[in-house]
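Just need the whole structure built from these sequences, with the hints factored in.
These are the residues of each chain, in order.
2 protein chains.
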Amino acid sequence: MTIASPHGRTQPRLDDGSPVRVLVVDAESSLADLLSLALRYEGWEVRAAVGGAEALRRAREFRPDAVVLDMALPDMDALTLLGLLRQERPGVPVLFLTGRDTAEDRVAGLTAGGDDHVAKPFGLEDAVARLRGLLRRSRAAAPRAESVLTVGDLVLDEDSREVSRGGTEIHLTATEFELLRFLMRNPRRVLSKPQILDRVWSYDFGGRANVVELYISYLRRKIDAGRPPMIHTRRGAGYLIKPPAQAV
Amino acid sequence: MTIASPHGRTQPRLDDGSPVRVLVVDAESSLADLLSLALRYEGWEVRAAVGGAEALRRAREFRPDAVVLDMALPDMDALTLLGLLRQERPGVPVLFLTGRDTAEDRVAGLTAGGDDHVAKPFGLEDAVARLRGLLRRSRAAAPRAESVLTVGDLVLDEDSREVSRGGTEIHLTATEFELLRFLMRNPRRVLSKPQILDRVWSYDFGGRANVVELYISYLRRKIDAGRPPMIHTRRGAGYLIKPPAQAV
DNA sequence: CGGCACTCTGTGAATCGTCTGAGAATCGGA
DNA sequence: TCCGATTCTCAGACGATTCACAGAGTGCCG
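Chains A and B are the protein sequences, given in the same order. Going by the numbering used here, the first sequence opens with residue 2, and the numbers climb by one from there. Going by the numbering used here, the second sequence opens with residue 2, and the numbers climb by one from there.
Over the 12 Å line for every Cβ pair with chain B, so calculated as not near, a few chain A residues: (1) R22; (2) S30; (3) D34; (4) S37; (5) Y42; (6) G52; (7) K194; (8) D199; (9) R209; (10) G227; (11) R228; (12) R235; (13) A246.
Listed below are the simulated EDC-like cross-link pairs for lysine to aspartate or glutamate, each with C-alpha atoms no more than 16 Å apart in a straight line: (14) A/K243 x A/D225; (15) B/K243 x B/D225; (16) B/K243 x A/E170; (17) A/K194 x A/E177; (18) B/K121 x B/E29; (19) A/K243 x A/D154; (20) A/K121 x A/D199; (21) B/K243 x A/D160; (22) B/K243 x A/D158.
Derived from the structure by calculation, the hints contain no laboratory data. None of the values given here were measured: they were computed from a predicted structure. Just so you know, even glycine gets a beta-carbon here, dropped at the ideal spot from N, CA and C.
Below you can see the structure in the form of structure tokens.
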């Protein structure tokens, strides 16, 4: 089951109606805070823990439905912690954060089918989407949760990463995809450039806000080309996506 | 009978509709946990036991439909335990886990009766598939259970390990087969390289994600060669398999 | 109607991700 | 033990993607 949250998104719920609980375990508290904030905004209940010892303590009392776990913890081997967490909460899906230099690929370990990985530095939209995907597939979450976003005749499938408008396939690059997903998850709502930058680009992106304009331009070429436009500029405010004209 | 599970896979069920129960008996709890998790993700009900004494206790109260049994237990000879388990639950299929040094002939006798075994270190995809196979063949499970995966005109038989496209037989190596099976069990879903590594390669594989690219390349040569491609790259995200174009 | 701020988009360079050939190491069967 | 099959590493090539920069375009305000 999913219900509408105050701000018009859909809020994740368990079968029994309680909100989904997520435990964020990180090495740096700044990253944990950043993620926690984003997840809380999604309507999830969040606890953050810095280091393994605190994580275990929190897991016991908080009983999370999912865990975000940094592979590089200060006080404990992440895989050890994973084992202990799994003992505490068997079956919880885990989203692993892997450092850029930390043997990027050497992720294989005691992780099983249901888990996922995100490499640092990541974009919040990407990380949050992956966590949504994890919960969607785990039986703890709503069984009928959809992986398809639709606005007008524009369709985006998060699982296959395919986008089409009016039945025509559209190829998008990774960044274009994330941007469009963010827009489509917030239809008819103006999103400011800083907001978009924070959400779609990695937290350590140092570039100018002009990239957003650039990528909006790319998207328009691919999505609106010769059709009633769905991506609109609100001068001085930001961008929004909505179905064209009559189709309300 | 198999019914659709939340995430679009098929979930194993007994004739009476109750989920399949599996008892995992291992020497190390970390391995037991890993396997349990993977099996739970497949939709099975799982209990883990470390050592023979605990295994017997659990078997009595849990009444498993299948058992995963490590040959090297700390407190009891595995064969003794096997006898006791069989007394408790006659006819229950058993998947043996054997260490790399276990004598080949010792296993041969055991698996004669319809049981199976995997050698450590194993890939999860392989181990889980073997357990599925055992249950499929045991009378406890549904008689009509299918062992054939189909995507478009591509057909993979899990029992005979035969693969064909458009009726033409295709020879695959063991690793190629596991990779293709994983893709075909998740059609139209993008699978990331770390996800594939976790699932297809052994848990102690220390290599780089480049092997995935390599084996995708092998598979394409054998499966897509000169035909409408079914294996697709999602740059920066992963790979997915789907039927070509119109054939939905 | 002028001017300013904001937005759009072409160009091009640097970087990144993926593919693939070559060959070493290992496995397994005769 | 030998030989072919298989697995895996390494490195080069190539195309795709990302992004900065700059000039053109556009709307808004006085």
